[in-house]
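Note that the protein sequences, when read in sequence, are chains A and L.
For the first sequence, numbering that gives the first Met the number 0 gives the first residue as 0, with consecutive numbering after it.
For the second sequence, numbering that gives the first Met the number 0 gives the first residue as 0, with consecutive numbering after it.
Just so you know, these hints were derived from the structure itself, not from any lab.
Predicted, not measured: the structure shown is a model, and the values here were computed from it.
Heads up, the beta-carbon is just placed ideally off N, CA and C, and yes, glycines get one too.
Hints are not guaranteed to be accurate.
[Unchecked claim] Partial pick of chain A residues on the chain L-facing surface, computed with a CB cut under 7 Å:
no., residue
1, LEU23
2, LEU24
3, PRO28
4, ASN46
5, TYR112
One-letter residues, chain by chain:
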Amino acid sequence: MKQQVYTYLLLALVALASASCKKLLEEIPEYELVGENAIVDQSTALNALNGTYAFLKYEPLASGTYTYAFSFEFAVNAAQMAGLLGGGRRSTFDESLRYHSVVPSDNNLPAFYRQAYRIVNAANNVIHYTQLIPASKINDPVRKQILAEAHFLRGFGHLWLLKYYGYHWDVSSEYGIVVRKEPTNLGNLITGRSNVADSYQAIIQDFEHCIENTAGPSASVFQVSNSTAKAYLAEVLTMRQAPEDLSRIITLADEIIAAGDYKLETTFAEVFNPSNDYKQGRELMFSRALNQEALADILTSTGFFSYRVFHNAVGSGGVVYYPSDNTGDHYITLLEQDERYVHTWDSVTVTIGNPPEMKHNLSFVKVWRANANCPSYLMRLAQVYLMKAEAMLNTNAPVKDVLAILNIFRERSGNVLYVESQFAGVDGRHTLREALVNEYVLELGVENASEFLAMVRNKDQGGSRMIGRFNIHFSTDASLALPIPHDEVVLNKGAVIQNPLVLE
Amino acid sequence: MNNYLVFKERKGYGYCSAFLFRRQILKLLIVMKLTAVFVLLFSIQLSARVLAQKVTLNVKNGVLSQVLEELQRQTACDFSYNEQILRKSKVVNLNLKNVTLEKALDKLFIDQPFKYELVDGIIVVKIIQKETKLNNKNVDFVLPVDSKQHQSIRGRVVDENGKPLVGASVQIIGTSNVTQTNQNGNFILETDRQSAVVKIQFVGYTTKTIHINNTEEVNVILVQTKEDLDEVVVLGYGTSTRRTMTDAVSSVDSLIFQENAASSVVEIIQGQVPGMMTMMGTGAPGEEPMVIMRGMSSLEGNLGPLIVIDDIPMDESFSFNDINPNDILSIDILKGASASSIYGSRGAGGVFMITTKNGFNSPPTIGYRFNYGKVTLNEPLEMLNADEFKTLFAESLWNRVRDMNMIGNNALIGDIAAYSTIYRTTIEQGFWGEEDTDWLGLLYQPAVNANHNLNITGRGEQLGYTIGLGYTDEVGQVIGSGYKRYNLDFKLDSKQSKLFQYGMILSGSSQDRDESPVSLADALTMRPDMPARNEDGSIFVPATATGYRNPLIALEGTDRNSLSLTYRMAGYIQVTPQKSVPGLTWKTLVSQNNSLSNRSIYYASNTAIGSNNWSTTLPRQGRRIEGLSKTGKFEFDTRLSYRRTFKRRHNVDGVAAFNYIQNSSFSENRTIDNFPEDNALNGPFHGTTPLQSTGTAWRASMLSYVFRANYNYNREYMLTVSMRRDGTSRMAPNARYANFPSVAGAWNIGENKWFKKQVPWVDMFKLRGAWGRTANAAVPAYGWMTTFTSSSYNNNTGIVPQQVANDQLAWETSTQYDLGIDFSLFKRGLLEGSINYYNKFTKGALNSYSLPLSSGLISTSTMANLIDIENRGIELDLTIHPVRNRTIHWSISGNIGQNRNELKRMDADLKRLSAHAATILKVGEPIGLFYGYRTDGLFSSWEEVAYYHSLNEYNYYQAFHMAPGEIILKDNNGNGWVEFGTGTASYNEVERQILGKSFPDFFGGVSTRVRYKGFTFSAQGSYSVGASKNWSVMENQFQFSSSNPKNLLKLNLNRWTPDRPDAPYPKMLMNPENDTRQFGRAKPLTSYFHDYWIYDASYFKINNVRLSYDPPTSLLERYVPVLSRAQIGMSVNNLFLFTKYPGVNPEAYDRVDRIAGPAMDNSMYPKTRTYNFSLNFTFK
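This is chain L alone, in the form it adopts within the complex (with noise of 0.2 Å):
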């Protein structure tokens, strides 16, 4: 790609330069140095020993665990013993008064059958014998005692069958010493000679205790659990259980990325996540899908959500097809008001956690995964054919002089002529061409798509390293169309003591999209009965006058390329004093995250484009258009959190960080004419005439200081506080800092001792609610200052002034509160879901507000809180377990969400958006509403016709034409007439109305998973109901130009007719010769916006179905020893879609305009369904 050459990096735009990476580390570490010092000087002085804390004890005839229970008390150290043994102890007697713990203990057991050892800042007690089994539900395994100092836990994590558990997390309590399975289940873990007590977790499992004494290697058998309340739920700034957790957070079910074999992450989890409205958009390999959590509460700013991967957040530019899914250990989404203000200014439209597979086990593993796809075409657009074409044009004719001759207009009586030429000419002299060509199936093409992944992990004495390599590649339905991915994901962790642990991460995709050059819409309206090709085998080329474009042309004369890479770095020390202050952890983070795209195209010059659609007044020699993008984003973070249990019941635990961001962007389009020749001298080196290029280009900080603590008591009552404070360069200085606090509270009514007894058949039933605050901060980056721009003037320089000043301009804030309930209810969580309610009011959303003329300012507008919105929703997920035992285990989802959207307040009351003059923005109504004329079926007769006409004095009901079988409007004001505006005014508000809205009524999906013995049936679905949706491409239907017709739909062959009154669509229709004021039939169609083509958009989609085998352990170790687990899989994606919606898909949205976007569908590419065959395999 020589085209990277040509853009030189420009200072502070130079993502790769070292230089600009100091510059922000230096110009960090001097404004940070008073905190640096700060943080040394309190690890050093928090080494102080644990043992010499002091206490006082008078004990006679007491029992060791209430003296334990006490000591504990005054020292808030953590205790870590088995009740159950501790009976075996002796009765204690003491008095000691202000004596060194270390002491006391000493005292304490020197006739007891029990020793204490030290570990990370844990007490730990244990019996003195050796190789005693512990009978305790929760501690499964007391291993040998050894005299090693050091050690290696090496383990393997299974399920109830013995399959490997791949991701578990391990871990050694009171450390952050963690890790995770490999593909083998294997785990290895570096801890002190003695006492380690580890945690073992995987998402569905019960979690499982081990207290291990001494010993090199464990097997665990974790079972499947009831429900997953004790599953690890990843936060910003920390994790929670979702037993313990205080607000709405989904968790997407991990096995899904397993089972879906799609390239996108949003296609996969589409319908999982409650309250999650997505739109998938016309399917093309690569398209990136809209995403919109609880309501849309912005119209400017970035209405996605937060992404943050493994605690990292990602810039605005970031989207999900950067994420290979494969590499996705699991999803967390915060979408209640707690969870989300933790990520303040940028939390308002939802966060996604996603964790990504890592785990540093030795001996190295490998994985390999493996999918191919093959799709086929699933309901494409059809066209006329030749004789149908030919048919409904002589009749779109006849209708004209028929509906002349009626109206008898003398004006019209020279246009009966005008029509007789065109009979003569098209039906008479043998105008049509004896092809019957297939246009859109010159353009199709057998797509598939294959993925490959490869997983390797390792981990030495002191390193541990995981890569992840991905490569994708799809060929689209379209000739042209494709989409190439390549992943790369490499994780080096180390631990050189256990004070300090640091570690790295370096990964990134490279992405290349093809757009297909073919315009879909030449296709659809080149008349079959022309040819492709000559007689010679050259591509057909139809006269330039005609319009008609042959596709071929395109396809053969374009060169389009796009590609993307995106990258990310990261490392991080982090210091864990758990001897001197157990519990604290510091963790410093540096990371740059860079993306960098560049499209191309090269439109030769015999195509339209290349050639100004073959002009001979200015013609053009071929054009090339080159874009270049570039974003970055550098992070420092640090954070100190602090994680502690007292007595037993009083759970704490918090975290204060400090964080800067700085993000930027630079983009360049450039476009170069006129080149000497098409193939090889087509570079933008050789083009001739280079046109005024354009770009942007910005730079934008954010500071923010973080503060949250969690509280829970026995798990029952739960507490959460909150502050975040962001300051932007974005904003004004005077309006540059916000707060973002929040509060949280749950009480678990399952917790409670005596409903436990009472109700045994309820293990949670979890209250809870949350208030808290966030808001949008992706606004210009300089929308604030008085902005000038460059010109010139008699061959001077000048300069203008391009933006007014923007002192005012304020941060848009949502103010959130949820109420909801989590449950798990019966037998093994038989029955488990949660309910939420949020109201969401979004204060002063930001709006282009229009500048009165006479401000004489380039920018023609300038960015204002203007806007109130408020969304409020309920969503309800409930997962049922039919059948749950050793062989079977079948699981059925669902979910629902309901989101009301209205705007509170805006500056105008009705204010019609520029993109598309079919949606407007109402006070008191939601957001993305149709607007325009309202239609009354068909004029069904002459008669029908003349009533509507006498309806006022001047015999002039509507500009629409008048006739059988032609669309009739409604008289809105009631005065006998529809009115118009005038040819160059449109601002004639009185007829129109508000006729639909684009937004969902409700919306969610369904999931079922099936498991028997080593088979796996899933299936995955969704659905939205209530939206609306303009399919545009009705607009140019149902009638044919006298000239050049186009071809048109195969449904405008149930258009209406005298003899089919009923039909749905009007007639076919010629359009007026010479209609000078354009009033005619098509003009209206087209620029007056009416309801006849909006259609309901409900529908339900199987996403997945999916069935795969896990051959058992002992079959792979009998016939493949080399593999440790096989998985074969076959899969379809978009199995059915069930809809009465008649474009190509419901789910097609307009990119361009964010608001009215969902409302507008102009889409043609073919819906697909693709039949995946997959293998992934683990080797020894």
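Next comes chain A alone, as it looks inside the complex (with noise of 0.2 Å):
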């Protein structure tokens, strides 16, 4: 009897335990996608292909993280160092980009940093995840394409952090940038600084891959196309100048040019006729979305974040920049001489808080204009233009071929045309790579960091760089580059290591 007992205990024990309830601890959230739901097919692939572009945009995100304004605070960001800028509201720090002071434990530059690895790492899971789609869940072409621009993506963020963070003139340096080509991980978390020359090849194989897979214009200026994927691979190429990239590089500005998506306004005024915005098929080739209804949102808006971008760039009440003061009259002198000057800085009337309240600040409209869809100049034809222009000149074209370029923007803004027998002479070509920086300042300036860059990379007759010219605190390539964020350095545990720091 009691050895019966025994075993109906130890069965009902056995059966208590062995019940298996695997099931019941399998818990999805209700609210949130997870790795396993989220990119399944074709149309969450371009959810995610979608919110890789979003990062572009500068809005508070749902958790209510702020990412910073992509491209105004890019593009600003590099005109500070060039030495066009004044004034700034970003505490400090828009003082010690001007300065070429930036200390690695700035308070700003850890999101700014941040937001370009978010572009990457969103662009790594739409790539890894589409591929594991299924052949019936999505349409090959349309795979193909999402892929293609998922690479053009992180392609493009790495090609931001190269121009900031990396030794991006020096091609044998070992400051290149975290190339991040997987989804991360906990197993990929730590992940050291690739060499200048891995960090070039990295973003040329990505654009490299978009251009192949990729065929005509796009959509929408929103979206990459062909040809921007082209003219991004021409960028990056005039950065790294290897030998075997002059030709290269000319190739492609006249492939962009040949194919005819896209067209130079007819003058300059025009590139910022708000008549213009995002048309497909003029000179705006790529620019982040945001359109007159968003504007008034964020112009209106009593959410602080919204409020911050607008007050960085407007202001609320005083001035926020400024042409540039105190580094130099070089800009100014150049400016004041230029048709471009009022296209570039104006005095704008924005209209906020309710009930409505005129409020009058000095901007440069090309970053902001508040009267209008405000886009950004992320890429345009004029920029395809001058780095063929440049290309030529380092592969020692003639003057008057070079010449018919820059005076393509110099017509049509209104300015004196150069002749040919401006640079004439033993020094000519200096003086022509002179001319051609001032065209990059004057045509591009504060739209993408390309003036800032040009203004790294050439040299004038005595070897220095004509940063030199525009800012008077430049010193030391090593300010060329910002420090990696002190964070970033002590997170990565040893594995990224610190730009020479300028003040140590």
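Build the complex: two chains, separate frames, hints provided.
In structure tokens:
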């Protein structure tokens, strides 16, 4: 009897213990997407791709995490370093950019750095998961297109990081960027920096992948097209300046121009004419999306985050930015003599608040146009022309051929055209290079850092970088790259080495 | 509350949803079908007859008792008999081989003056004669035999003075048939016609066993025990007694729930539990205190203890405030390694086992308790009056000008002109008003609280019920603050048969907490020379740009409500196959706990928030904030328990259980701006500008397998072994399950026969040791998954990676060992107590791991097992009874606890906590360290200032203002000056150091109680010694802004002046104008944390003092015959606080940051004292 009791007792306990309850512990979030169910078909893949583009905008995310104004900040920071700007409301950050004295612990650096990597990681997730989608759930051409755009966006994020944090002017340097090609996970969390050569290579591969897998124009200027990808590839090659790059730049530029997907505006003013905003087939090749309605929301919103963007760009009361003053008068002199001045800096009237109140501020209208859609000029066809001119100059093309390109922009903006005789003699080509850099500044200044990069890579006849003419605070190459944010160095536990610091 | 209608139920989070409940049940039933089948089969088969067991006997001239022992050995049946009575037995001669037990017993009792009966599986031996009274110290009555088959045993339990004992436990031994006495001390139990053995227990009284042969009514007098050694202690999944416990378990003196009128459980038991550290917070009505058992063992999870009510564990969101103290019968706190490990992954913070009152008695009884409290201000904050304010302002101006003249910096000459303007404006031109407004005084109101409790209990033939109703209403000291709570407890218990028992519990509370809309900070900073109202009676509105905020604006323009509803439902079925398998019980319980909280605030358009600080650029026309949170917990628990005594000395009990819990949570916060009108059109649907809402939703489940076995030999040697296996959805599949074993042993030397003889004054001296493992599972529900969040771009939806996958997330496991001694010495437990030592090592405590920026995720951190923490400590508690006789009983208790906390490992050596730059974590040091600049008193003269300047070649010592009467910072690295970070970078660590600790050296409490006839005097106190605290309010004192100066505390009068060089505080100073670098005095005082405002927060508090009177029963019967019991009492809560801490309350803490929280005090809520009057009636 006892045995029987114990047997049944044991059986009951075994039954208790062996009841398969595995399913009871499977809790899938009801209001969150997880890795397993986030990118599983064509629709979700497109959503994820759009999410990657979304990092170009400036709005608080659902979580309340503030995303920096990508197109705004990334353009302004370089303009500050180039010495084109005065003022600014980002505490001492604006000032330290101007003085080439940014410290790794500056509180403004982390979010700025992180934002570019958010693009990279989001693109990596799109690439990783889209490849895994069964053929039955996605059309092959769509998959191909999504992957192409994701590759472009990953290259785009890496490119911006290289522009600001890497020794992009020295291809032999070890100070490249942290290149990430897989979705972030605990296994690859700690990743070191690649050298500059490898960093360039990673970016070029991504852009080439995009070029090979896309054709023709895109649906809008908010989406990469074949020509846009080529333009960015040309930019990377222009930055790298390897001997074999020069002819490729010219070829790419010619291909873009020949394709005719984008056309130069007839006048400089037309580039910024609100009626042309975001129109396909014109000069603007790539911009972040922001329309009048969204802009109006930002201006009238009482939300702090939106307000801050506006506050940084225009200011709620006084002048926020003004043309450079204490960083040398080269830029002011140049600017005041140029017809493009009035289209670069303008007094802007904005209506903010509820009830609405008029505010008058000086603003560089290229970055913030409160009276229209406020496009960002991340890439426009003018830059392709200028990059071609630079490549031609570097391949010893005839002066007149280079001038022909520069004069396109001088002519349409109402400036006096260059003539070949101005660039004759022993120093003629040096003078021409100076004119080329000035065109970058006047034509593209404060749009997308291209003027800063042109100043850095082009040197005068004394072998000095031309940035020294614009910003008297430039003294050493080390200040041309921002310090890696302190937190990144610490949290990467030694894998990410710091750039040589100017202030040590 | 129409607001509820706005939030639609969502699938899976509708806690009232029958669908969800059914789905969970269905899911469980499917998965557990095997279990059910087996258990059913098991129960049926166990009904084999006890008497059919085979035995063999060969006895010649044997003694009956020895024969019974032999039968017990052979059959493992329980026998009940009295050895003294059996001495009258005749000799036994038997020779039986392999016969049934029934046959053997029949033969055995043929010629004996005894007979036997099988009662609930126990063979009870009884004498055949009628009405024989037994003379046994444990068996008090043997009652007349009656021929009925079933009967109700009714009875009354009283103390030595004839007072009814409420809540005494009455149990028929060997069965689960148990009840409690009601307010009259009455009980009723259903049992067999014959031979029930009833055990009656009550806290603080000797347990009695009554051998009932047949009766309908018994009266039992319980004598106060010399100690509580046999008091029932509620453990998880079972019970024990202090005498047989193998681990550290503290029991709260249950009487204090009757004696202390506070509405908060924690306030009542504060200082009464060794090892329990409490911080009551600011003292605002309804505020949740902080409770930490045996040190801080986690940085992220739920630090508080697990609360288990009537065997049902509450979820993380359950608060002590959800319990009505009047419903509590007892609280036992499991804190030892073995005791708490039975709750495995939820036991790391200790376990509070709360048993609520019940009692199913007939006839129905009604008890009513009323308490009324009057709250008075106790040391309110005192502010400068208008004259003092003006005087100190002028002084600060002169000090600034004088300092600048002495410094003689050209750059400041212009500023002197600026200050001259201030002088002309403020001093010469009659800038100040003529009022003398006491702004704080305007906001105080008479505070009162009232508490009503009604209990009704009753029992019919097969059904018993208990209904408890409670209502608490507190009016806070600050206008607009208050707290209301409604409680309902309903219990139903049915016994359809001896085999089956079922019951249900429905209880809940509704709490309505009104936070004062007034910002005390606004009132503190208002200028006293300004009027509260204009001459026409309207509220005075200061000019917007001044920054002054008349608190009356917010008071009249803000509507703030917070309502929370908590309820739990539980049902159980119990099967007790006593006849077939004595000692076995199978119980299955299903429960659902829900809470719903709604917070609603409307700020009118004339208030600071409602107008966006009166902004003209971004004005706002009113703001409404709506918050909704819902939590739910479903639990299924089934358990087999077994309890038997073999050969009268071998006591065995065990339990095996399966448990499934699903928790869910949903919260949503919405802000809506711009309303057409403030008074009526201010509903959430009237706002025109809804802002993006925020919220969270999650669901998590847990499976547990529990096993525990206890063995004790004659109550002298005890052993407990347990194992729990928990699995949770909160962890990645590969780290989902964890085991929580424990083992504990004890040797009660006091029960040793030899020792008893040699040292008779020792009743109990128990050595015990335990080892066990617990964990903290309160980690984010989806912390291990890759998650994506929503985004949008270019008018299209998008998703972006939110959180990194973390399959390495593991449990933070605490391994603890305990050594302890429990003792009870001298006659009637004159001195009793316990000593405990524990060491708790938490491995892999969860901490937020900051991801490299290049990880590119929205969430910048993930949870990881980064930290090891060790807590070790000693606890001592003593109770002495200097006088204990029938007339007077005086007891004194005290306890002291010491906990040493040490961070053993972490990811980085030094980590600044984000919420408060004032504290850090450092390996080798305790948690909660202050960190910052050290100060060295005040500069006494300009010569001293010059000396400090001369310490370095730059003639620049510190960024703080340097002048007589100013704070001196210490140069930590000895390089001749004090370095600061730059304006936007604050990583400069070289000058900062550890400044102190925020947890106490030791803490505890004392209590005493004197009973003389019907009078009872009791008092409880608590203390904490050695903790420091930053009173951040001080950081803004001793300085004025030159424009729009704010009022200051009266203690500013105690500032430094040349005439008072030993003053404890700096001199008054006006802050510099146009200080663009913000390195003047004001900025460093608030942003660069230093030790000048850290104070010793040691205190001793008399929590409660009470005097009550119980009229004798005879008096009641004569004058108030409807009452069976009455009590009238008066008490005072927070009678005295002895402390040197200058802030309002040394127990205040910051609720936002749980680690740095105890270090920080920014509270201004005034201390209060409550005078209570209470009545307690029990109706016949």
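Right, here's what the structure says about each hint:
1. LEU23: Check passed: Cβ of LEU23(A) comes within 6 Å of chain L, closer than 7 Å.
2. LEU24: Holds. Min distance 4 Å.
3. PRO28: 5 Å, holds
4. ASN46: 5 Å, holds
5. TYR112: TYR112(A) check passes; min Cβ-Cβ to chain L is 5 Å, inside 7 Å.
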